[in-house]
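Peer 1: In order, the protein sequences belong to chains A and B.
Heads up, the first sequence is in the working numbering, so the first residue is 1 and it goes up one at a time.
Heads up, the second sequence is in the working numbering, so the first residue is 209 and it goes up one at a time.
Warning: the hint list may mix true and false statements.
[Claimed, not checked] A partial selection of chain A residues facing chain B, derived with a Cβ cut-off under 7 Å:
id : residue
1  : 38
2  : 50
3  : 136
4  : 140
5  : 149
6  : 152
7  : 156
8  : 175
9  : 177
10 : 192
11 : 195
[Unchecked claim] No more than 20 Å apart at the CA atoms, straight line, and that leaves these computed lysine-lysine pairs for PhoX-like:
id : chain 1 : residue 1 : chain 2 : residue 2
12 : A       : 5         : A       : 206
13 : A       : 194       : A       : 206
14 : B       : 412       : A       : 100
15 : B       : 492       : A       : 5
16 : B       : 385       : B       : 250
17 : A       : 97        : B       : 492
18 : B       : 412       : B       : 245
19 : B       : 485       : A       : 100
20 : A       : 177       : B       : 492
It should be emphasised that the hints constitute simulated quantities derived from the structure, not laboratory data.
Here a beta-carbon is modelled for each residue, glycine too, at the ideal position from N, C-alpha and C.
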Amino acid sequence: MMATKMLQRYQDAERMNHWFMALMFVFAGLSGLAFFHPSLFFLSHLFGGGAWARILHPFMGVLMVLSFLGLFTKLWRDNVINDADREWKKHAGRMLKGDKEGMPPVGKYNYGQKMVFWAMAVSLVLLLITGFMFWRPWFAPLFPIPVLRIAVLVHSVSAVVLIAATIMHVYAAIWVKGTVRAMTRGTVSEGWAKLNHPLWHEEMTKGR
Amino acid sequence: MGSMQSLDVVARSATTTPTPQVRTAAPQVAKLIDESKCIGCKACQVACMNWNDLRDDIGDNVGVYDNPRDLTASSWTVMKFFEVEPEQGSLEWLIRKDGCMHCEDPGCLKACPSPGAIVKYANGIVDFHSEHCIGCGYCVKGCPFDVPRISAKDNKAYKCTLCSDRVGVGLEPACVKTCPTGAIGFGTKDDMVAYGEKRAGELKERGFQKAGLYNPQGVGGTHVMYVLKHADRPELEDLPTDPSISPMVSLWKGIAKPLAVAGMIGAVVAGFFHYMKVGPVEEKSEEKEQA
Chain A
1 MMATKMLQRY
11 QDAERMNHWF
21 MALMFVFAGL
31 SGLAFFHPSL
41 FFLSHLFGGG
51 AWARILHPFM
61 GVLMVLSFLG
71 LFTKLWRDNV
81 INDADREWKK
91 HAGRMLKGDK
101 EGMPPVGKYN
111 YGQKMVFWAM
121 AVSLVLLLIT
131 GFMFWRPWFA
141 PLFPIPVLRI
151 AVLVHSVSAV
161 VLIAATIMHV
171 YAAIWVKGTV
181 RAMTRGTVSE
191 GWAKLNHPLW
201 HEEMTKGR
Chain B
209 MGSMQSLDVV
219 ARSATTTPTP
229 QVRTAAPQVA
239 KLIDESKCIG
249 CKACQVACMN
259 WNDLRDDIGD
269 NVGVYDNPRD
279 LTASSWTVMK
289 FFEVEPEQGS
299 LEWLIRKDGC
309 MHCEDPGCLK
319 ACPSPGAIVK
329 YANGIVDFHS
339 EHCIGCGYCV
349 KGCPFDVPRI
359 SAKDNKAYKC
369 TLCSDRVGVG
379 LEPACVKTCP
389 TGAIGFGTKD
399 DMVAYGEKRA
409 GELKERGFQK
419 AGLYNPQGVG
429 GTHVMYVLKH
439 ADRPELEDLP
449 TDPSISPMVS
459 LWKGIAKPLA
469 VAGMIGAVVA
479 GFFHYMKVGP
489 VEEKSEEKEQ
499 A
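Chain A on its own, in the form it takes in the complex:
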């Protein structure tokens, strides 16, 4: 019986970086949602009450953005959209029906993954800038009230975009079997790579 061959997809540093960011996303997300809708205010109790959630939220948000920056510098080149992605996009409907073999071959990331990456990058930048603007008690007094009104609206919309992108990200990881171990173990099976990222598989096994 043959042992399954494994390919290294993420370094340990990348994985730890990812999980620290994920943790900060959960903390910043839950504390932020507490202020977003009354039905979610109970989430503030996870942080010691409304005032504590308000105090902690921006710190966790800044840590999330900083840790994203760590991943961004390593991964942005792999996420540049190219012509092959535009071709892949046309077939996205078939993939959703479960026909993964019928998709045009992709490299390390497919078009959907790249879009999630850029949606996260843009929404995090907007969250960071607008969040600083109404961070009490330090920065909010520096800005006029009409500007702050725009800032909170942009902050909320960006947060919803980030959460939506993350839901897709997590779902895709659960849906495509063998994906989660890329982040929990750092490795994926060759079969997984052949099926989901054939060009990356080729690149990784070249010259063997």
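Since chain A is already given, all that's left is putting chain B on it; use the hints.
Peer 2: Frame of chain A; chain B shown alone:
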């Protein structure tokens, strides 16, 4: 003063179910500030400090009578002095007692994310229950009049309560009681509107052609109203001409909230059903291929 008036709460921040409002017979109240009778003595500021046990820091003299210069977390009402020329060569000294307007449709309450930190009573008073305040400053963004102030000491928002504690037991607000010229009136909203219009009519007879009542309808009317000598130009005294809750705040706290929550929950539910219908994407097991 939450417990005393807990049965007359007609609106409560960050609350989506009806509030306890069984006491429907409570009369709507209003304060009427007649600027034509105001002499700028600041007794109202002192009465407010006295009744509410507030002692603001001693500020700086900035060369005008305004002291403090603006509302603060410990100065809930401030006399503002304006030297204006409504017409060329006609210098006028206008004095306006600034403070919370107690909007019928309060933007602060709409913006507040903390359940019950801001309430509106059946009598129309908008009150901050500052022990529930989380210090986020959303009320500042919601207010069309730039009234709420957040204390640097405790990070809680404060503003005029319209002496809800006094009104609740049948007394007039402290500033009303102390005003030596009768420039500040207090009564039912209907009476104050009628009296304010009568006063505006008298001012018109005395030559203030544009005198009128400031009771802006963009926020549903207010429970603090002014008789202005130049009601056509409230901006002369730093009052917004046609105040309303900013469309940014309405969007953010209106349709965006339920839509976004539904969208996020919807995305998770859609993912669940997609998985159940389509099933996972799996590589074909090599063992099976060999078999």
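Peer 1: For every hint, state whether the structure bears it out.
Peer 2: Tested hints:
Hint status for residue 38/A relative to chain B: holds, with the closest Cβ pair at about 4 Å, below 7 Å. Because the beta carbon of residue 50/A sits about 4 Å from the nearest beta carbon in chain B, less than 7 Å, this interface hint is met. Restraint check, residue 136/A versus chain B: the minimum CB separation of about 5 Å is within 7 Å; hint holds. Taking 7 Å as the C-beta cut-off, the interface hint given for residue 140/A holds, the closest approach to chain B being about 5 Å.
Because the beta carbon of residue 149/A sits about 4 Å from the nearest beta carbon in chain B, less than 7 Å, this interface hint is met. Checking residue 152/A against chain B by beta carbon gives a least distance of about 6 Å; that is within 7 Å, so the hint holds. A hinted interface residue such as residue 156/A counts as satisfied when its beta carbon comes closer than 7 Å to some beta carbon of chain B; here the least separation is about 6 Å, so the hint holds. Satisfaction of the interface hint for residue 175/A is found here, the shortest Cβ-Cβ separation to chain B being roughly 6 Å, below the 7 Å cut-off.
A least Cβ separation of about 5 Å between residue 177/A and chain B falls short of the 7 Å threshold, and the interface hint therefore holds. Checking residue 192/A against chain B by beta carbon gives a least distance of about 5 Å; that is within 7 Å, so the hint holds. A distance limit of 7 Å between C-beta atoms decides the matter here; for residue 195/A the minimum to chain B is near 5 Å, and the interface restraint holds. About 14 Å separates the Cα atoms of residue 5/A and residue 206/A, which keeps this hinted pair within 20 Å; it holds.
A threshold of 20 Å between alpha carbons decides the hint, and for residue 194/A with residue 206/A the separation of about 13 Å falls inside it, so the pair holds. Distance hint between residue 412/B and residue 100/A is unfulfilled; the C-alpha atoms sit about 81 Å from each other, more than 20 Å. Of the supplied pair hints, the one linking residue 492/B and residue 5/A holds, its CA atoms being roughly 14 Å apart against a limit of 20 Å. Between residue 385/B and residue 250/B, the direct Cα distance comes to roughly 13 Å. Compliance with the 20 Å bound is thereby established for this hinted pair.
In summary, the hint linking residue 97/A to residue 492/B is supported, as the alpha carbons are separated by about 17 Å, within the 20 Å threshold. For the given pair, residue 412/B sits about 14 Å from residue 245/B by alpha-carbon distance, which is consistent with the 20 Å threshold. About 15 Å separates the Cα atoms of residue 485/B and residue 100/A, which keeps this hinted pair within 20 Å; it holds. Among the hinted pairs, residue 177/A with residue 492/B is consistent with the structure: their alpha-carbon atoms are about 11 Å apart, no more than 20 Å.
Hint compliance for this structure: hint 14 alone is broken.
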